[in-house]
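**Q** Sequential numbering of the sequence shown, starting at 1, is according to the working numbering.
Derived from the structure by calculation, the hints contain no laboratory data.
Some clues are possibly wrong.
Claimed, not checked - Quick list of simulated restraints, FRET-style, between CB atoms: (1) L3 with G54: 10 to 20 Å; (2) D85 with R47: 16 to 26 Å; (3) L3 with G98: 28 to 38 Å; (4) T46 with P103: 28 to 38 Å; (5) N66 with P103: 29 to 39 Å; (6) L3 with P100: 23 to 33 Å.
Keep in mind the model is a prediction, meaning the values are calculated, not measured.
Glycine included, C-beta positions come from ideal geometry on N, C-alpha and C.
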Amino acid sequence: MQLYGQVDSLYDAVRARAPEVQAACVNPGHLSTAKGEGGTDSAEPTRYLRVSYGSSGPRRIVWDANLETYRWDSGPDIGAQLGSDPGEAAARIARTLGAPLDPAPAAE
């Protein structure tokens, strides 16, 4: 059973702020190790958000617990931080992919 976490919060925010972005929470269930640059081991994240829009993507976004922020985990912006707030990260994702963005909900 998978508990609701940071990736799920981002998924919900993307659905609300950028509904035209194709988004899916992916849970491979294990780490798959491959040789990365320089011959070092790199592991696919255990849980990530896969996003795409039109011809942009698919790309991965992860929650980086060490930095306490969302960040791109694939594509030309790999490693770039998206912030810790799911709504702000969703807006940055939409802008990067070129997708339309719905206005943020008004604060109560």
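**Q** Evaluate each hint against the coordinates.
**A** Quick rundown of the hints versus the structure:
1. Against the hinted window of 10 to 20 Å, the Cβ-Cβ separation of L3 and G54 comes to about 33 Å, which falls outside the hint.
2. Checked against the given bound of 16 to 26 Å, the beta carbons of D85 and R47, roughly 19 Å apart, stay inside it.
3. Distance hint check: the CB atoms of L3 and G98 are about 33 Å apart, consistent with the given range 28 to 38 Å.
4. Evaluation of the 28 to 38 Å hint for T46 and P103 yields a pass: the beta carbon distance comes to about 33 Å.
5. Distance hint check: the CB atoms of N66 and P103 are about 32 Å apart, consistent with the given range 29 to 39 Å.
6. Between L3 and P100, the C-beta spacing of about 32 Å keeps the proposed range 23 to 33 Å intact.
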